[in-house]
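J.: Okay, here's what each chain looks like letter by letter:
There are 2 protein chains.
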Amino acid sequence: MDDFDFIPSRGTVTSPKGFKASGVYCGLKRKNKDICLMLSDVSAAVAGLFTTNLVPAHCVVYNKERVKSGSARALIVNAGNANCCTGERGWRDTLDMAERTATLLGIQASEVLVLSTGVIGEYLPMEKIYTGIRKAVDALSYDGGVQAARAIMTTDTVPKHFSVEFVIDDKKCTIGVMAKGSGMIHPNLATMFAIFTTDVDIDAKLLDEAFRTAVNDSFNMMTIDGETSTNDTALIFSNGAAGHDKIVTKGEDYDKFAAALMNVAKKAAKAIAEDGEGATKFVVVTVSGAVSKEDAVKAAKAIARSLLVKTAIFGKDPNWGRVVQSAGASGARINPDEFSVEFAGVKVAEHGGAIPFNREKTVRMMDGKDVHLKIDLGVGCETASVFTCDLTYDYVTINAEYHT
Amino acid sequence: MDDFDFIPSRGTVTSPKGFKASGVYCGLKRKNKDICLMLSDVSAAVAGLFTTNLVPAHCVVYNKERVKSGSARALIVNAGNANCCTGERGWRDTLDMAERTATLLGIQASEVLVLSTGVIGEYLPMEKIYTGIRKAVDALSYDGGVQAARAIMTTDTVPKHFSVEFVIDDKKCTIGVMAKGSGMIHPNLATMFAIFTTDVDIDAKLLDEAFRTAVNDSFNMMTIDGETSTNDTALIFSNGAAGHDKIVTKGEDYDKFAAALMNVAKKAAKAIAEDGEGATKFVVVTVSGAVSKEDAVKAAKAIARSLLVKTAIFGKDPNWGRVVQSAGASGARINPDEFSVEFAGVKVAEHGGAIPFNREKTVRMMDGKDVHLKIDLGVGCETASVFTCDLTYDYVTINAEYHT
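Protein chains in written order, with numbering that gives the first Met the number 0: chain X, 0 to 403; chain H, 0 to 403.
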């Protein structure tokens, strides 16, 4: 994916041309911004991917329907309340958020997408939301991206936003993203939002295809705690403001866009795993030597989800037995006499058994912020990588003490 | 299952007639007994269930083959070393354990089953094992059951043994069990051993059928941390010493035996969940209102496995949103407008949403050692219950600090 020239940066959803955003406080959270608004100058092509949870929040049901049209202009987000399991009233509140936002922006309600994140099972305090929407409309600006990224946070400790630049037809193009998520995070999707904007001009179907691929290889290859939330959503808006010829077929321009999108999606996914609840380490689990891509992903996700592996990494212990146990339990084919395991660049098991290695050095290598864990299953040549983090005391603290 | 008259007790594998056992120390663990031996006076019918892990330990492969004959007399167990991922040498060591034991007992090696549990990837120190086997043979006794139960422990904090008595043909019959397991525990099977003995006289095929049913509804309905180990094994030996007419067809005697077996298997499974690594609470998750038994089990296991639910229970928080999120992510059919949730006897959600409840009382109810968590999915009438425990700081401590 790095065959193309990108200029990655810490840009935001307002880095691409023609997008305004804002982040304001309306009292849903105890402190910090909790209403985020994003507006494209013109109607944008849109694509979305949503949680597979069978108890989806109202906003998920709403957006799924809305993105079918292939276009939208604005997104209103509230943090602190998921508006999930709130019945008919919750559904009306989601529609109401879209309508209020549309009226104040002078656009159609059908052009407004809605996201909610936070506690499940409580009604939205709509008076506060109305105030928040008004403030957010007033605060909209072409450099509001950082404020917007702050306003979608819940247990996140840092705002997560990135951008990437590239050129199509001599025109500078940009993709920006803001993401949130820290716990209740597991593939398909995580408890997370990832909202992408781009000034690229692209056919809605091609946008959808590139987006699915990028999300599958980034957010869907990440796990914090094996949970799949009720509100997970990834959205992309492309408004065509960059001014190049519209991408209507696959080819070099499409490939460039898709590669840039993958690049920035992986950055955002990595940022979410790094900010995993209580995490002290960012972990990449790579499985190689699998008979199929499916098996590689299955084993990598099982290892990345294993509490025993995650606590071993927290304890800086190159405990390869736990890695093998987890791979073996995943159902992926493995040769018990041929697998090998590597922690932080040091091979600790080979041909299905222990080998001598420098334990002190390995523990030292595992002391860093990033740990790469590799296992070769010894049965084929397919590979997959999954992002995760370690499991620490602080995960327990955060989740035992974060009361409803 | 409680329609029959049982006398449950804290008996052991030597409670049934005609079984001797012993537990001795040979230096595999830093301290505490680590070699267990069990011997039936006569050849016993035998049945076994084994881990589904694709990297099974040598003893699992060995026992799987051995139990096909339907009979055995002795079982030798070592704790502290799993003899897994140890190649050809590990396989020879397993055979060697059976042969040494057989020679000293004056029986055939094919009548000896072998179990190992502990660290993965290290060779068994066979000189120590030989010493252990000699000591264990010398120590065999008709009341050695408690010592035997102690000798199979690893991170367990208490030995786990139970028995149940009932009558067939006016003859007293007994089933005894010893079990181990505390972490790396998840259905199919847990990292656990459950070894049953009985003086019931029963056809090997019927024994196998009753045993499968009992294990499926007990050990396979329990999760501590979602891990399936390489060595998990459940075995039963029935030696017919009770003296009743042999059970060769299904009927009242079979039903009585099967019910007693289920009763004692559930006790052992509950004891394992109660002793889950770092656990402060034993949790029963009951799912009702499912469209199928399969869906009920799927949802119950997902909830029992959820880190967010387990930390909430540790924090005494009736966080029903996490329960619903977990059920919804399990793939089991659920009606978002009809589900209800109950914590420790208090209904906290109904018709798919929050209801008023006495929070202080609920927190007080959740303060006990046992917590019952119920969710009705609102779509059918099937139910399932799964045993688990809470997730605490101590789980992290035990697993971050238990080094290889």
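Among the hints, a few may not be true.
Given that identical chains are not distinguished, each listed pair holds provided it fits within a single copy or across any two copies.
As the list claims (entries may be wrong) - No farther apart than 20 Å at their CA atoms in a straight line, the calculated lysine to aspartate or glutamate pairs in the EDC-like style are these:
#1 K360 x E400
#2 K346 x E121
#3 K16 x E381
#4 K269 x D169
By construction, these hints were calculated from the structure, which means they are not laboratory data. Predicted, not measured: the structure shown is a model, and the values here were computed from it.
J.: Please name the hints from earlier in the document that this structure breaks, with their numbers sorted from lowest to highest.
T.: Structure breaks hints 3 and 4.
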